[in-house]
Amino acid sequence: MTSNKVETLSAAQWFKENSEIAGFDNPGKSTFTSVRELVENSLDACDEDIQMLQMRGEEIVYPNINIVIQPVSHELIRKKILANLDDTGSGSGLDGIEEFETDHDPTEKNYVIEVEDNGPGIHHEFVSLVFGTVFTGTKYGIKQGRGRFGMGAKMAMIHAQRTTGLDTEIWSATREEAEESYFRIRIDLKSNSPIYTAQRIIPDKPWHGLRMRLYFGGNLVWAKQRILEYFRQIALVTPYVNFRLVIGDEKYLFRRVTDEIPPLPTETKSHPHGIDIEELKEMVKRYPKKYVFKSEKKEGYPTLAEFLMLDFQGIGEGTAKKFLRYKVEIDPNMSLNELNDVHIFKLSQAMSSYEDFPAPDSSCLSILPHESLEKAASFLLEPEYINSVTGNIISIKGHPVHITTSVAWGGKIPTGVALYRFANRIPLLFKERSDVCYKALEEANIKRYIDINVHGVTVMVSVVSTRIPYQDAAKDFIADYDELRETIKLSMQKAFRGVKTYISRKQAEKKKEQELEKLIDHADRLATSLAKITKGIPMSESEINQKLMKIIEREYA
Amino acid sequence: MTQSEENLKLLEGIRQLKQVEKEMIKAPKDALKIQELSLEETKQSIEDIALNLLSLLDFDEKPRVSVPIRSAQNTIVDEETGHIFLGHNMVTRSLTPSSVRQLAVLIRVADGIHELLTLGRHSTKRELFYTDVNLFEEQTVSDRAIEDLAVTLRTIRNATNIVASAKGKIIGRISFVESGDLIDCSKMGTGGKAITPFQDQIENIDTDAEFVLLVEKDAAFMSLSEAKIYERYPCILITGIGQPDIATRMMLRKIVNETGIPVFAIMDADPFGLEILRSYTFGSKALGYETPWLVTENMYWLGLRPEDMENYKIPKDVYIPLTEADKKKGKELLEETWLQNKPKWSDQLRLMLKSGVKAEIQALASKGFEYMSETYLPQKLESADWI
Numbered sequence: 001m002t003s004n005k006v007e008t009l010s011a012a013q014w015f016k017e018n019s020e021i022a023g024f025d026n027p028g029k030s031t032f033t034s035v036r037e038l039v040e041n042s043l044d045a046c047d048e049d050i051q052m053l054q055m056r057g058e059e060i061v062y063p064n065i066n067i068v069i070q071p072v073s074h075e076l077i078r079k080k081i082l083a084n085l086d087d088t089g090s091g092s093g094l095d096g097i098e099e100f101e102t103d104h105d106p107t108e109k110n111y112v113i114e115v116e117d118n119g120p121g122i123h124h125e126f127v128s129l130v131f132g133t134v135f136t137g138t139k140y141g142i143k144q145g146r147g148r149f150g151m152g153a154k155m156a157m158i159h160a161q162r163t164t165g166l167d168t169e170i171w172s173a174t175r176e177e178a179e180e181s182y183f184r185i186r187i188d189l190k191s192n193s194p195i196y197t198a199q200r201i202i203p204d205k206p207w208h209g210l211r212m213r214l215y216f217g218g219n220l221v222w223a224k225q226r227i228l229e230y231f232r233q234i235a236l237v238t239p240y241v242n243f244r245l246v247i248g249d250e251k252y253l254f255r256r257v258t259d260e261i262p263p264l265p266t267e268t269k270s271h272p273h274g275i276d277i278e279e280l281k282e283m284v285k286r287y288p289k290k291y292v293f294k295s296e297k298k299e300g301y302p303t304l305a306e307f308l309m310l311d312f313q314g315i316g317e318g319t320a321k322k323f324l325r326y327k328v329e330i331d332p333n334m335s336l337n338e339l340n341d342v343h344i345f346k347l348s349q350a351m352s353s354y355e356d357f358p359a360p361d362s363s364c365l366s367i368l369p370h371e372s373l374e375k376a377a378s379f380l381l382e383p384e385y386i387n388s389v390t391g392n393i394i395s396i397k398g399h400p401v402h403i404t405t406s407v408a409w410g411g412k413i414p415t416g417v418a419l420y421r422f423a424n425r426i427p428l429l430f431k432e433r434s435d436v437c438y439k440a441l442e443e444a445n446i447k448r449y450i451d452i453n454v455h456g457v458t459v460m461v462s463v464v465s466t467r468i469p470y471q472d473a474a475k476d477f478i479a480d481y482d483e484l485r486e487t488i489k490l491s492m493q494k495a496f497r498g499v500k501t502y503i504s505r506k507q508a509e510k511k512k513e514q515e516l517e518k519l520i521d522h523a524d525r526l527a528t529s530l531a532k533i534t535k536g537i538p539m540s541e542s543e544i545n546q547k548l549m550k551i552i553e554r555e556y557a
Numbered sequence: 001m002t003q004s005e006e007n008l009k010l011l012e013g014i015r016q017l018k019q020v021e022k023e024m025i026k027a028p029k030d031a032l033k034i035q036e037l038s039l040e041e042t043k044q045s046i047e048d049i050a051l052n053l054l055s056l057l058d059f060d061e062k063p064r065v066s067v068p069i070r071s072a073q074n075t076i077v078d079e080e081t082g083h084i085f086l087g088h089n090m091v092t093r094s095l096t097p098s099s100v101r102q103l104a105v106l107i108r109v110a111d112g113i114h115e116l117l118t119l120g121r122h123s124t125k126r127e128l129f130y131t132d133v134n135l136f137e138e139q140t141v142s143d144r145a146i147e148d149l150a151v152t153l154r155t156i157r158n159a160t161n162i163v164a165s166a167k168g169k170i171i172g173r174i175s176f177v178e179s180g181d182l183i184d185c186s187k188m189g190t191g192g193k194a195i196t197p198f199q200d201q202i203e204n205i206d207t208d209a210e211f212v213l214l215v216e217k218d219a220a221f222m223s224l225s226e227a228k229i230y231e232r233y234p235c236i237l238i239t240g241i242g243q244p245d246i247a248t249r250m251m252l253r254k255i256v257n258e259t260g261i262p263v264f265a266i267m268d269a270d271p272f273g274l275e276i277l278r279s280y281t282f283g284s285k286a287l288g289y290e291t292p293w294l295v296t297e298n299m300y301w302l303g304l305r306p307e308d309m310e311n312y313k314i315p316k317d318v319y320i321p322l323t324e325a326d327k328k329k330g331k332e333l334l335e336e337t338w339l340q341n342k343p344k345w346s347d348q349l350r351l352m353l354k355s356g357v358k359a360e361i362q363a364l365a366s367k368g369f370e371y372m373s374e375t376y377l378p379q380k381l382e383s384a385d386w387i
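Chains as they are written, first to last, in this note's numbering: chain A, 1 to 557; chain B, 1 to 387.
Simulated from the structure, these hints should not be mistaken for laboratory data. Here the structure is a predicted model, which is why all the values come from computation and not from measurement. Note that CB positions come from ideal geometry on N, CA and C, so glycine has one too. Hints should not be assumed to be uniformly reliable.
Unchecked claim - Across the chosen pairs, the derived CB separations fall in these ranges:
1. B:E231 / A:K535: 51 to 59 Å
2. A:R497 / B:S98: 22 to 30 Å
3. B:T323 / A:R497: 44 to 52 Å
4. B:E41 / A:K511: 38 to 46 Å
5. A:K535 / B:S98: 29 to 37 Å
6. A:L516 / B:T92: 16 to 24 Å
7. B:E332 / A:S542: 46 to 54 Å
8. A:R448 / B:Y130: 57 to 65 Å
9. A:S542 / B:Q19: 53 to 61 Å
10. B:E79 / A:K511: 44 to 52 Å
11. A:S542 / B:G242: 45 to 53 Å
12. A:L516 / B:Q35: 34 to 42 Å
Based on the sequences and whatever the hints tell you, model everything.
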C-alpha cells in the first residue's frame with residue numbers, strides 16, 4: 001500500500017457525503033447549524049482572547065456577540081453577485097445589513113447571517129491560515145473545545161457557497177492596528193484552498209473583533225424556535241457573554257449576568273487510555289535523533305520509558321518502567337528507534353487495558369463554576385430555588401469527564417420537567433431521548449423527590465471533557481456509557497434531594513409559623529373565656545394572656 | 001262487635017308483656033361514673049375546670065384538660081345486658097399545636113354554658129354555635145364540644161341546659177303537661193306533637209295506651225297517624241325520624257317507665273334499621289355516658305323483619321341488594337354483645353345477610369297504600385308476631 005495511490009477526498013465530496021453529520025442535511029437544520037457554528041467560532045475566539053489578556057495581566061474584555069439573521073430576496077442575491085463581479089479589491093460593495101430590510105419577501109428561502117464579535121480579530125496575513133482549507137489542524141496535545149470538527153465556520157461557508165453561490169465576507173480588526181481588513185473569500189472545493197475574490201485594508205477604523213457575513217439557502221420557519229432555544233440555553237452556560245440577536249424584525253438580548261470568567265481550558269498531554277495505534281505511530285514518528293530530556297543533551301532516540309514520560313500525562317519513571325517491564329513485557333530502555341509494528345501493537349494493547357495509570361488529569365478542563373450557572377439560571381429561568389451538584393469526574397477512554405447537575409425548581413418554571421443538556425458548554429438540542437442524560441433522568445425517578453405537577457423543574461446537566469463521548473459523528477447526543485449514566489443519575493438524585501430538603505424545610509417553616517399563629521390566636525380566646533368563667537379572680541384576662549404567651553414562647557417560638 | 005272482641009283478645013296478649021317499673025340501669029363498675037347534676041352543681045363544675053387551668057398557669061405549666069373519649073374505642077359493654085357505656089380512656093386537650101383548638105373550643109362552650117346556667121335559661125345547639133361562629137366554623141364542632149364538656153363534667157347533656165332542636169314526634173292516646181300547658185296527643189291532627197327538647201318540663205303523663213308503636217321514619221309515622229291507628233288500637237305512635245335525638249329517647253323511656261307498656265318497633269329491614277333499634281334499646285357509642293337516662297328496655301321488633309318479606313309476600317322488585325357497606329355493618333353488628341343477647345334479632349340479621357337483600361318500610365306500599373295500616377299491622381298484632 002502506497003500513499004500516492006490513495007485518492008484525496010475533495011472538500012466538496014466530503015461535504016456532500018457527510019452533510020448529515022455536519023448538520024446541513026435539510027434547509028432548517030442548515031440554518032440552525034450555520035448560526036451555531038459562527039457563534040461558537042466567535043465564542044472560541046473571545047475565550048482565547050480572554051485567556052491571553054489574563055496571561056498578560058491586562059483588563060478582560062467581556063465578549064459581545066451580535067447575530068443578525070434576515071431573509072433576503074432573489075433580487076438582492078442577483079445584485080450582490082453582480083456587485084461582487086465588479087468589486088475585485090477596492091470597490092465599495094454593499095455595506096450594512098439595514099439596506100436589506102426594506103425589500104425582503106417572506107416567501108424567500110434565502111437568508112443572510114452576520115455574526116460579529118469583539119474578540120481579538122485576525123490579522124489579515126493569517127486569514128488564509130484560519131479560513132484556508134477544510135481539513136487542517138494537527139493537534140499534538142488534547143484540549144477541551146467547543147468546535148465540532150475544528151472547522152465549523154468553514155462548513156457554513158461551504159454551505160453558503162453551495163446554496164447562493166455568494167462568497168463569505170469577513171471584516172476583521174485587531175487591537176494592535178488601527179485599521180480594518182476586508183475579505184471576500186470562497187473555498188475552492190477541488191483544491192481545498194481559499195480564493196480571495198476581494199481584499200482591502202481600510203485605514204483609521206480602530207476596533208477589534210471579527211464580523212462574518214454569509215448568504216445561504218435555508219428555512220428560518222423551522223429553525224427559528226431552535227435558534228431561540230439555543231440562545232436561551234447557551235446564555236446559561238456562558239453567562240459572561242452578551243448576546244444580541246436579531247431575527248427578522250424581532251430583537252432579543254441575552255444579557256451578561258456575571259463578571260466571573262470560568263477558568264479556560266488548557267492543553268494537556270494525552271492519557272494512555274485514549275490513544276489508538278495510528279496515533280501512537282504518529283507520536284513515535286515525531287522524534288528526531290537528537291532530543292532534550294530533562295536538560296540533558298543526549299545523542300540518539302529516547303528510550304521507551306522516556307517516550308512515555310515525555311508524551312503522556314501522569315507517567316513518571318516508576319510507572320513507566322513498571323508498566324513496560326511487567327505489563328508490556330518490553331525492556332524500558334529499548335530505544336524508540338527499535339520499535340517495530342509488533343511492538344507498537346503490544347504497547348497499544350497494554351496501554352488501553354493497564355489499570356494502574358493515574359486517572360486522567362481534569363485540571364485542563366474549563367468548568368463553569370456552578371455559582372455562575374445558578375446566577376444565570378436565576379436570571380433567565382426565574383426559579384424559586386436552584387440546587388447544584390458538581391465535581392463528579394469519571395474517565396472514559398483516557399479522557400476526564402466532569403459532570404455538573406443543576407436543578408432549578410418553582411418560580412416561573414412551567415410545571416413538568418425540562419432537560420437541558422450541555423456538552424463542553426454548548427447546548428445539545430436534538431435527539432434528547434437517545435441521550436445518556438435523558439436515560440439518567442428516567443432512572444433518577446424525579447417523582448420520588450419532587451411533585452412536578454405542582455412546581456416545574458428544569459434539570460441542567462453539563463458534561464465537560466477533553467473528548468465528549470458522543471454516540472456518533474453528528475454529535476447530537478452523548479452515548480449511553482453505564483458509568484456515565486450512573487454518575488449523572490446519582491448527581492441528579494443528589495440535586496433532587498437538595499430540592500426536596502428545601503421544599504420540606506420551607507413547608508416545615510410555614511407549618512411552624514401557622515402553628516404559632518394558631519396557638520397565639522387560640523390562647524387569646526382561652527384567656528377571654530377563662531376570665532369570664534372565673535370573673536377575673538384570681539387572674540385578669542390580660543394576666544392569663546401573658547402567662548399563656550410566656551408558655552407559648554418558651555415551648556414553641 | 002266481633003272486631004272489639006278480637007281486639008280484646010289481642011290486648012290480652014299485649015298486656016302480658018307489661019313490665020312493672022324497673023330500676024334505672026346500673027353502669028358496670030369499670031364504666032365512667034356519670035350523674036345528673038343540678039344547675040348549681042354544673043355551674044360549679046365548670047368553674048372548677050377553669051380554676052384548675054388557671055392554677056396550672058400559675059405554675060407556668062401548660063393548661064390542660066382530660067376529656068373522656070366518646071367513640072367505639074372507649075366503649076364498655078355490659079356483658080350481661082349488652083348495654084353500652086363509656087370507659088375511662090381520656091384524651092388531653094392542651095396548649096399544643098395539635099389540641100389547642102379543641103381546648104379553646106371546649107372552654108368557649110363551657111363559657112357559653114356557664115353564662116346560660118347563670119341566667120337560668122336553655123339554649124339550642126344552634127344558638128350556642130352562633131355565639132362564636134368564627135371559632136367553631138361548623139356546628140358539628142360546637143355540638144361535639146357540648147357533649148365533650150358534659151362528659152368531662154361527668155354529667156349528662158341535659159344538665160348543660162343545651163338542647164337540640166325538636167326532632168321526634170308523638171301522637172296518640174297520651175296527654176301530659178308541658179311547661180304548664182296540657183297537651184292531648186290524641187287531638188294532634190295527622191302531624192303529631194313535636195317532642196320537646198326540654199324534657200325536664202314534661203309532667204303528669206296520663207295514658208290508657210296498651211303499647212307504643214315506634215317507627216323509624218316520618219313517612220310511616222304519617223301514614224299510620226293518617227289512618228288514626230291509635231283509635232283502632234289503644235296505642236301511642238312515636239318516631240325519632242332516623243337516628244333518634246336525646247329528647248325522643250328520653251320521652252319514650254319516660255312513658256315506658258311510668259306505664260310499663262311494651263314498645264313495638266317498625267324499622268327498615270336493613271342493618272341501619274337494626275342500629276337505630278340498638279340506640280333506643282341499648283344506647284349509642286357516642287352518648288354511652290348517658291345510656292342509663294336514655295334506653296328503653298321493654299322493646300319488641302315488630303317489623304319490617306327480613307322474614308316478613310317472604311311471609312307477607314312482598315314483591316321481589318322492591319328488594320334492594322345489600323351494599324358492601326351494609327354487609328360490613330351487618331357483620332360488625334353480629335359481633336356485638338347486645339345482639340348476641342337477642343338471638344331472635346340476630347337470626348333476622350343473619351337471614352338478611354344470607355338473602356343479600358334489604359327493604360324499606362315503604363316497600364309495603366307496593367301492596368297498596370293502606371296495606372300497612374289495614375293489613376300488615378293488624379295481622380302482626382293479632383298473630384303476636386313480635387320478637
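Structure-based check of each hint:
1. B:E231 / A:K535: 51 to 59 Å: 57 Å, holds
2. A:R497 / B:S98: 22 to 30 Å: With Cβ atoms ~29 Å apart, the hint holds.
3. B:T323 / A:R497: 44 to 52 Å: 45 Å, holds
4. B:E41 / A:K511: 38 to 46 Å: 42 Å, holds
5. A:K535 / B:S98: 29 to 37 Å: Because 31 Å falls inside the window, the suggested range holds.
6. A:L516 / B:T92: 16 to 24 Å: 20 Å, holds
7. B:E332 / A:S542: 46 to 54 Å: 52 Å, holds
8. A:R448 / B:Y130: 57 to 65 Å: 48 Å, violated
9. A:S542 / B:Q19: 53 to 61 Å: Since the Cβ atoms of S542 of chain A and Q19 of chain B sit about 60 Å apart, the hinted range of 53 to 61 Å holds.
10. B:E79 / A:K511: 44 to 52 Å: The hint (44 to 52 Å, Cβ to Cβ) holds, given that E79 of chain B and K511 of chain A are roughly 46 Å apart.
11. A:S542 / B:G242: 45 to 53 Å: For G242 of chain B against S542 of chain A, whose Cβ atoms are near 48 Å apart, the range 45 to 53 Å holds.
12. A:L516 / B:Q35: 34 to 42 Å: Since L516 of chain A and Q35 of chain B have Cβ atoms about 41 Å apart, the given range 34 to 42 Å holds.
Going down the numbered hints, you'll see the structure goes against just number 8.
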